Amino acid sequence: MNMNDDYLWDRTGEPDPEIQELEQVLGTLRYEAPPLEIPAGVEPGKRTVSFPRMSPAWAVAAAIALIVMGLGIWLGMQRRDTPDRTHSITTPSPISNTDQATVKAPEAVQQMKDSTSAIATNGTGPKATPLRHPQTTRAGSNRRRNLAVGNPALAGNELREAEASKAQLMLALRVASSKLNLALKKAQAPNQGNQSQNQHRVG
Amino acid sequence: MYELEATADLLLMNGQAKTALKQRSDDAMSEAGLIEAVLAGDRDKYGRLYGLYSPLVHGILLARVPRSEAEDLVQDIFLHALKKLHTLRDLNAFGPWIGMIARNRAMDFHRRSRETVEVSDDLKSSDSTENKAAEILEIIRSLPDAYRETLVLRLVEGMTGPEIALRTGLTAASVRVNLHRGMKLLREKLSFKEGM
Numbered sequence: 029m030n031m032n033d034d035y036l037w038d039r040t041g042e043p044d045p046e047i048q049e050l051e052q053v054l055g056t057l058r059y060e061a062p063p064l065e066i067p068a069g070v071e072p073g074k075r076t077v078s079f080p081r082m083s084p085a086w087a088v089a090a091a092i093a094l095i096v097m098g099l100g101i102w103l104g105m106q107r108r109d110t111p112d113r114t115h116s117i118t119t120p121s122p123i124s125n126t127d128q129a130t131v132k133a134p135e136a137v138q139q140m141k142d143s144t145s146a147i148a149t150n151g152t153g154p155k156a157t158p159l160r161h162p163q164t165t166r167a168g169s170n171r172r173r174n175l176a177v178g179n180p181a182l183a184g185n186e187l188r189e190a191e192a193s194k195a196q197l198m199l200a201l202r203v204a205s206s207k208l209n210l211a212l213k214k215a216q217a218p219n220q221g222n223q224s225q226n227q228h229r230v231g
Numbered sequence: 012m013y014e015l016e017a018t019a020d021l022l023l024m025n026g027q028a029k030t031a032l033k034q035r036s037d038d039a040m041s042e043a044g045l046i047e048a049v050l051a052g053d054r055d056k057y058g059r060l061y062g063l064y065s066p067l068v069h070g071i072l073l074a075r076v077p078r079s080e081a082e083d084l085v086q087d088i089f090l091h092a093l094k095k096l097h098t099l100r101d102l103n104a105f106g107p108w109i110g111m112i113a114r115n116r117a118m119d120f121h122r123r124s125r126e127t128v129e130v131s132d133d134l135k136s137s138d139s140t141e142n143k144a145a146e147i148l149e150i151i152r153s154l155p156d157a158y159r160e161t162l163v164l165r166l167v168e169g170m171t172g173p174e175i176a177l178r179t180g181l182t183a184a185s186v187r188v189n190l191h192r193g194m195k196l197l198r199e200k201l202s203f204k205e206g207m
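Residue numbers (our numbering), protein chains in the order written: chain A, 29 to 231; chain B, 12 to 207.
The shape of chain A in the complex, shown without the other chains:
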């Protein structure tokens, strides 16, 4: 770039006669702005607030942040569940399983008798509780544990219900096991006879 370029650029430096002549000649075409007449109806429109455009990098960062937040919440919920479970395992129960079974067994037997008699007479038993999803039952039991730990007023009722159902279950298991034993003995008795017969035959 020389001096003439400077003149062409910002009219500094040594003037270039050719450029000056061109300026003089072409200057006759220069726009002499008449005042702008704005008609009455012409007005700028109202600006609308629009959602700012997000660059792709920001969008990716926001997505990652959302995923991390989601994971954090999920992990937090998992951790909240875990101590309850350990607590329920480590907390000594006031009544042991065997004691519960022995103590509550008569009541449970009476309840079962009542229910079976009801089925025999009316054909309608106590209201069947619908099957629940394992996860929901687990969640329910967790919730129950939490309630039992957190709220002593509810703990009494809940514990009584739990103990009753546990006793029922234990009784049912005992009945089932005794029946199985009986069936096993009956099944073994003829086999023993056969064995002796066979031995006799062989001998």
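Derived from the structure by calculation, the hints contain no laboratory data.
Since we're looking at a predicted model, the values are computed, not measured.
Glycine included, C-beta positions come from ideal geometry on N, C-alpha and C.
A portion of the hints provided could be inaccurate.
To be verified - Below, a list of computed lysine to any residue pairs in the SDA-like style, where the Cα atoms sit at most 20 Å apart:
#, chain 1, residue 1, chain 2, residue 2
1, B, Lys200, A, Pro45
2, B, Lys56, A, Glu71
3, A, Lys214, A, Val203
4, B, Lys195, A, Val53
5, B, Lys56, B, Glu42
6, B, Lys143, B, Arg198
7, B, Lys195, A, Arg39
Claimed, not checked - Across the chosen pairs, the derived CB separations fall in these ranges:
#, chain 1, residue 1, chain 2, residue 2, range
8, A, Gly41, B, Phe203, 19 to 29 Å
9, A, Thr40, B, Arg100, 28 to 38 Å
10, B, His91, A, Glu46, 33 to 43 Å
11, A, Lys74, B, Lys143, 43 to 53 Å
12, B, Ser153, A, Ile92, 50 to 60 Å
13, B, Asp55, A, Asp33, 33 to 43 Å
14, A, Glu46, B, Arg54, 35 to 45 Å
15, A, Pro43, B, Asp53, 40 to 50 Å
16, A, Lys74, B, Ser153, 43 to 53 Å
17, A, Gly98, B, Lys95, 42 to 52 Å
18, B, Lys143, A, Ser83, 50 to 60 Å
19, A, Asp38, B, Asp156, 15 to 25 Å
20, A, Ala87, B, Asp55, 35 to 45 Å
Model the placement of chain B on the given structure of chain A, informed by the hints.
Positioned in the frame of chain A, the structure of chain B alone reads:
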């Protein structure tokens, strides 16, 4: 080829260009204030914007359409821009925005008048100076887009390089290159014409 050279020169921006850019940003701030005032309903401020940018719009049009058409179109473009001013996202970019409107309007003009016979009003004038000006303008119009627009703004509208950069949104280095190369081509064409 010219575009490649211009890009290469853009990378060699000197301190003067940086100063021009800083000045441009300072001026742009005040223009943003004007636009905000217009959007708030102050019509007089739009008159100031018109005063600042009408030479730019006229120059852009003059590089593309006949002179008489350019003068009519300037007012139309400013009225159209006023209606659409709320759509301008960057208030500091009024110059590039209205410049683009002017270029689009010039293209529309050529699309509409393609089938009509264009009689240049510039040649009707009896004044010899105006005739000469019209002839030189025709030569400038035959140059590539980037050069003819910059040369018209410099030689017709009397704007300096930094002013052109400020109004068009181009970098100072780019404008300087366009002026230099455009002037070189114009000299060649003028000497060729005189030689005939």
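List of violated hint numbers, smallest to largest: As far as the earlier hints go, not one is violated by this structure.
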